[in-house]
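Put together the whole structure using the sequences plus the hints.
Number of protein chains: 2
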Amino acid sequence: MSVWLGRVTVVLKASVNDPQGLAVLDGLHAMGYSEVEQVRVGKHIDVRLGADNFEQAEQRLHHMCEALLANTLIESYTVEVGAPEEAAR
Amino acid sequence: MSVWLGRVTVVLKASVNDPQGLAVLDGLHAMGYSEVEQVRVGKHIDVRLGADNFEQAEQRLHHMCEALLANTLIESYTVEVGAPEEAAR
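Those protein sequence lines, which keep their order, are chains A and B.
Using the working numbering, read the first sequence as starting at 1 and increasing by one per residue.
Using the working numbering, read the second sequence as starting at 1 and increasing by one per residue.
Check before you lean on any hint, since a few could be wrong.
[What the hints assert, rightly or not] What the simulated footprint calls covered on chain B by chain A, stretch by stretch (three residues with Cβ under 8 Å from a Cβ of chain A suffice, anywhere in the stretch; the number is not a length):
#1 37-43
#2 73-82
[Stated by the list, open to error] Pairs of lysine to aspartate or glutamate, EDC-like flavour, derived with a Cα cap of 20 Å:
#3 B:Lys43 to B:Glu58
#4 A:Lys43 to B:Asp26
#5 A:Lys13 to A:Glu80
#6 A:Lys43 to B:Asp46
#7 B:Lys13 to B:Glu80
#8 B:Lys13 to B:Glu66
#9 A:Lys13 to B:Asp46
#10 B:Lys43 to A:Glu80
#11 B:Lys43 to A:Glu55
#12 A:Lys43 to B:Glu55
#13 A:Lys43 to A:Asp18
#14 A:Lys13 to A:Glu66
#15 A:Lys43 to B:Asp18
#16 B:Lys43 to A:Glu75
#17 A:Lys43 to B:Glu75
#18 A:Lys13 to A:Glu75
#19 B:Lys43 to A:Asp52
#20 B:Lys43 to A:Asp46
If you are wondering where the hints come from, they were derived from the structure by calculation, not from laboratory data.
Quick reminder that beta carbons are idealized off the backbone N, C-alpha and C, glycines included.
Written out as structure tokens, the structure reads:
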């Protein structure tokens, strides 16, 4: 079994209002970054997990997203699995 | 001038305690995902901005990270600039 690094990105769907993003946009404008048109704030979640292979790691991460990490009613997510580190076991 | 999509990822430095990540880890374990070893939660920020070229977009995004988007005392950040969309102006 190897250790894998899953990088999960969870963002609000485009149709969902993002007050945190609007607040950041206002802040950037107030600081002079007038070229910024839109800001959307989401979550970045690094998950270190053990799995037998790439496919298993990816599948388990998708399950975790559906079950806990994302609210799929209003959020979408992407999963990337990074190169495995050989675990000493 | 084109419109660029900056993807900023802000994560806590490795030496900084991450209670949100620990809470997610506990939740995953309670749901049976015992193969998960570590969870770190950060921010994913999509920034649409106008810029003359790739280098300018990247440079301005780095400035925004230093000024507002990241707390560089405890957080590190990465900036990726996506393919430009030709703006109608």
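Comparing the hints with the structure gives:
no.: 1; hint: 37-43; in the structure: holds (count 7)
no.: 2; hint: 73-82; in the structure: violated (count 0)
no.: 3; hint: B:Lys43 to B:Glu58; in the structure: 18 Å, holds
no.: 4; hint: A:Lys43 to B:Asp26; in the structure: 18 Å, holds
no.: 5; hint: A:Lys13 to A:Glu80; in the structure: 19 Å, holds
no.: 6; hint: A:Lys43 to B:Asp46; in the structure: 11 Å, holds
no.: 7; hint: B:Lys13 to B:Glu80; in the structure: 19 Å, holds
no.: 8; hint: B:Lys13 to B:Glu66; in the structure: 15 Å, holds
no.: 9; hint: A:Lys13 to B:Asp46; in the structure: 12 Å, holds
no.: 10; hint: B:Lys43 to A:Glu80; in the structure: 16 Å, holds
no.: 11; hint: B:Lys43 to A:Glu55; in the structure: 26 Å, violated
no.: 12; hint: A:Lys43 to B:Glu55; in the structure: 26 Å, violated
no.: 13; hint: A:Lys43 to A:Asp18; in the structure: 13 Å, holds
no.: 14; hint: A:Lys13 to A:Glu66; in the structure: 15 Å, holds
no.: 15; hint: A:Lys43 to B:Asp18; in the structure: 14 Å, holds
no.: 16; hint: B:Lys43 to A:Glu75; in the structure: 14 Å, holds
no.: 17; hint: A:Lys43 to B:Glu75; in the structure: 14 Å, holds
no.: 18; hint: A:Lys13 to A:Glu75; in the structure: 5 Å, holds
no.: 19; hint: B:Lys43 to A:Asp52; in the structure: 29 Å, violated
no.: 20; hint: B:Lys43 to A:Asp46; in the structure: 11 Å, holds
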